[in-house]
Structure formats: structure tokens, C-alpha cells
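Asks: Protein sequences, first through last, are from chains A and B. Residues in the first sequence are numbered from 1 upward in steps of one, following this note's numbering. Residues in the second sequence are numbered from 1 upward in steps of one, following this note's numbering.
Because the hints were derived from the structure by calculation, they are not lab data. Check before you lean on any hint, since a few could be wrong.
Partial list, computed: chain B residues near chain A (C-beta under 10 Å) [what the hints assert, rightly or not]:
hint: 1; residue: 102
hint: 2; residue: 130
hint: 3; residue: 139
hint: 4; residue: 142
hint: 5; residue: 146
hint: 6; residue: 173
hint: 7; residue: 176
Computed footprint of chain B on chain A, listed as stretches where at least three residues anywhere in the stretch have a Cβ under 8 Å from a Cβ of chain B [as the list claims (entries may be wrong)]:
hint: 8; segment: 35 to 48
hint: 9; segment: 59 to 67
hint: 10; segment: 90 to 97
The beta-carbon is built from N, C-alpha and C at its ideal position, and this holds for glycine as well.
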Amino acid sequence: MAKTLATRMAFGKELLKLAETHDFVVCSADTKTCGLEHFGELFPGREFTFGIAEQNLTATSAGLASCGNKVYLATFAVFASMRACEQVRTFICHTNQNVTIIGTHTGLQVGGDGATHAAIEDVSIMRAFPNMTIWQPADAISAREMAKASVEFNGPLYVRLHRNPVPDVYGEDYRFVPGKATLVKEYGRDLTIISSGILLAKALKAAEALKEQGVGVRIVDMSTIKPLDTEAVETAARETGAILTLEDATVKGGLGSAVAEYAVGHCPVPMELVGIPDRFGESGDPELIYRDCGMDEESVARRALELLKRK
Amino acid sequence: MSTRYYYTEEDVLRLEKTAVQLRQDILRMIAKAGAGHPGGSLSAIDMITALYFHVLNIDPERPDWEDRDRFVLSKGHACPAQYAALARRGYFDPAALDTLRQYHSILQGHPDMHKTPGIDFSTGSLGNGLSVGLGMALSAKMHNKSYMTYVLMGDGEQQEGLIWEAAMAAAHHKADNLIAIVDANGVQINGWVNDIMRIEPLADKWKAFGWQVVECAGNNMREVLHALHTARTMRAPAVIIMRTAKGRGVSFMEDDCLWHGQAPSEEQLLAALAEVEKGGIL
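Between the sequences and the hints, there should be enough to build the whole structure, so can you do that?
Replies: Shown next as C-alpha cells:
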């Protein structure tokens, strides 16, 4: 599992290719997000930059979309979800505009930049908006496939991308189906880990370690966080009887909450929500921060064993 | 340039007459709803009349016609004024005006593009409309379309920071197909605008952001038409700062922040309708 591209760069690189054959515009606000900074030079007249002004970036994108344009809006996830929160809600989601919001530098993987730039709340916020769809790739390959799917998508879409390169989990045969979870691995049926985003690699390592201890884990990648693949949740509950969710976002309102919201009413089973506890990010090596937050492989394995005791 | 900006004395008289009818529509629908914003609707109605009944290149039969001029009511709480204009212009049955703010009505408390025919974009949260209008103007340029985009804002709304982000960007992107209008009635919900947060010198601010500024008396139809023509000749983003009176046309509502968001009683409505009928327009 060699480290390839960061999910943000894989997504942006694919969009540059897709721009040759697909008609869309890119709006940005002077950040280095996903390699689209030179879009305007490559595709003159199809890029609009707005300086460091994310509210205007977002509301103007909505206006552009209302005239029939497919718009990609790229900025850091903290700004898309919070600085421009109301513009996303009222002007993109309520009006149901065809805007894809590319939110980069998500979760604790941001590392060095620290708390101000580590988007931990973005999933919780975006998930609360009616009409919003949320996708999150696990590696460069799935990010690339998501870019392909995004050009065909119509409506408000939030694509959640990470800053640093991660190991590829998927092979070249991976195909992203919007709204459908992917069964990644099945070592057994003692519990299901439902993961979304780059922590999938950690889920796999934790599952291997658990296998050594005689615990059989099934791993599902919930690449579409909203609308949730409830069938996948139902199957996980019915067939394995315990669910551990794993995400690089706050556990307050993210993937784990989404799964729990469904499970509690339809297929209640013991659950463990692994993600960022009730704290902000900070500067430092992301792997150390993950460990402190109980999100590294060892912690995931340990928490899976604790979960099994509640089964 | 389109001849829609040319006007005759007959046009002025016709539009003044229409404005009387729309003022009465505004008062009736707010009274019927028991809530709404008469002050800012009445101050803006002469401009809205001039736009919908003379200047805008629109077709009520085709609300989604892609080459139509766009109009964004950034001060969305003044939607009774826009609803009256749309109804009388033929976008929907004027009988619907009686349903303002009711459950399942096509006329929401703030404009909703998916519920009301003729609304180009949903608004209501102040400060956002100019950005939306800029997006429409940029789209016109990108696709070589000649439609114009008009954005009507309030003067209290000038206190929102986002307006100035949009103002900077419109000048930067040379959006000469965008006309902003400020309904400077001088009053916001809790009092005089310049007591609550001073926005003057407003013209200097817009000039400093790279805009051409046209000032006019916004409750004078002839001046409104003249200003719209002048703004169109600027060949640059242009803002019309129109000086108006909140509640214009109804003496007891004028200049009074109490009437920012209050419905008239039955008795007040009758008095107001009678005053408007006499033509309370300077």
C-alpha cells in the first residue's frame, strides 16, 4: 500500500481531465485546495476567483448555478462549512442549486496548521441541511472515481477531502456508486466496522490485528454519508450484531450519529462511535493526534473488543 | 442598447398609476396576512414598478426564459412589493395575494424561487443578494448573453459585510451588466439607519469600491426612470442610491420604524388606501 496522492489532489487532478469533456465552472477564494488553482489558465473564462472572501464565493456560486451552470466551489472545509455556513444552507441547499462544494483539509490529518484549520464539525453541519448530499473518499482511487461521478451529479453536493497522501486501499477496479456503501473486507461476522474517509486504512489494519485474536470483522466503506445507505446499516446489524463507526470528524453529528440515528429506530445493536471526541484539533504529527484521540489502529482494535463485550 | 430605458410623459403617468394600484395591493395583502413589512415595501415600490412595467426584459409566460433580465430582491422582506408587481404583470392570479404568509401559499414570508413564478432567486437573509446577482451577471458574460441583472438592497442592509465583498468582486470582474439599487429610506427596524450604524457617506463608499454612482429621488417616477437609464449608460458596475421615505404614500407610516414590520388594522387600512388613492407621491 504505497502512499500516492492526497484525496484532495486526486479529486482535483481528475477534474482537470474531466474539464476537457464536461462543461463546468470553478469558483475559488485564494487557497491551495486541490490543484485547481490554475484552472483559469488552462480553461480561460471558466474560472472565477473571489479573493479571500468565502461568503461571496458561495453566494456568487449559487447565482452562477441558478443560470444553469454546473459550479465547483473549492475552499478549505472550515471555511465552506462555517465562514460560509449560511450561504451554503440558504442559497445553495434551500434553493437546491447544482453546486459541488469541495471541502479540503478536513479532520485531524491537517496536523501542523492546528485547530483553526482542522475541520472537525463540517460533516455534522453539512448533514443538517436538507437537499445536501455528502461524499467522502477513502483514498486517491476513490477520490478520482468520485470526481467522475460528481460531474454527472445534479444538486448540492459536499465532497470531503483530506490534505495529506494516504495509502491506496482500493485497486483500479474500484467503482464509486453514489448512495451505496462498499463491502471492503470480511474476516468474519463478529462485528462490522463502518468507516468513511481515509481512516479506512486504519480499519483494515485493526481488523487484521483482531483476526489474529480470533475476532472476525467485516469492513464497510460508507463513502456516501448522506443520504445514508440504510440497507448497509441494516445488513451490518442483522448479520454481525454490532457496529463500530470510524471517521476523522467529531462524533457529535457525523457518520456515527447518522448510523446510530437509523439503527436506533430500525435495527438497534450495540455500537461504538470512533471519531474525534469533544475537542479541537491542534498542531502536531497527525498520527500522534489520532492516537491521543483513540482513533489509531490499536485504539480501534481495543474499542472493537470492548464493543463485543456489550453484544 | 435596448430602448426599454426610453420613456415618455405618458409612461411616467402610466407607471405612477400602476404604483398606486401596487401600493394598495401591498397594504391589503399585509393587512389580510396580519403581518409583513409595509414600510420598506412602500419605499421601494416606485422603483419596482418602473422595473417590472417598463425596464425589465421579461416574459410572464416564460418565467424561466434564459435570456430574461434578472431581478434579485436582496431586501427580501419587501416581497409584498414584488408579489404585487408579479401578480399585476401576469405571473400569477392576483387572488393569490390574499394568501401571503399562509401555509401552502405560493407567497412565502420571504421570496422563494421554487414557489412563486417570476422570482429569480430566493432571498430574505440580508446582505446576500448582490453576490447572487453578481453570479448571474458573470454567467451572462461567460455565455455572451445581453441580459441585465438588477439587485435591490436596503440601506440598513449596507451594514452587512458581505455586500462589500460582492461590491469589490463586481468591480474586479468588470460586471458592467450588473445594476445595484439601494433603497435609502433612512430607517431600519429599530430606528434611523445612521443612528444605529452609520452608513454614510454611502456614495463615497461605493465609489471607493470602483462603482459608478447615480443618485435620485426614489419615490419620483420620472427620476427613477432617469436614474435607471443613466446607470445603464455607465458601462461599469453601477449603483443607484435612491433616496426614499419608508412607508411612502401613507402619512402615518412615513419615516416611522414602527411600520418596518407591522400590519395595519382594518381602520388604518381604509385610511391608508384612501390616501394612496389620492396619490401620495411627490
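Asks: Does each hint hold? Answer for all of them.
Replies: How the hints compare with the structure:
Restraint check, residue 102 of chain B versus chain A: the minimum CB separation of about 20 Å is more than 10 Å; hint violated. Given hint, residue 130 of chain B at the interface with chain A, holds; its Cβ is 8 Å from that chain's nearest Cβ, closer than 10 Å. Given hint, residue 139 of chain B at the interface with chain A, holds; its Cβ is 4 Å from that chain's nearest Cβ, closer than 10 Å. At a threshold of 10 Å, the smallest CB-CB gap from residue 142 of chain B to chain A is about 6 Å, leaving the interface hint in force.
Because the beta carbon of residue 146 of chain B sits about 14 Å from the nearest beta carbon in chain A, more than 10 Å, this interface hint is broken. Interface restraint check for residue 173 of chain B: the shortest CB-CB distance to chain A comes to about 7 Å, inside 10 Å, so the restraint holds. Nearest Cβ of chain A to the Cβ of residue 176 of chain B: about 16 Å, over the 10 Å cut. The hint is violated. With a threshold of 8 Å between beta carbons, the proposed coverage of the segment 35 to 48 of chain A by chain B holds, since 3 of its residues qualify and at least three are required.
Restraint check on the segment 59 to 67 of chain A versus chain B: 9 residues with Cβ-Cβ distances below 8 Å, three needed, restraint holds. Check on the segment 90 to 97 of chain A: 5 of its residues sit with their Cβ under 8 Å from a Cβ of chain B, so the three-residue criterion for coverage holds.
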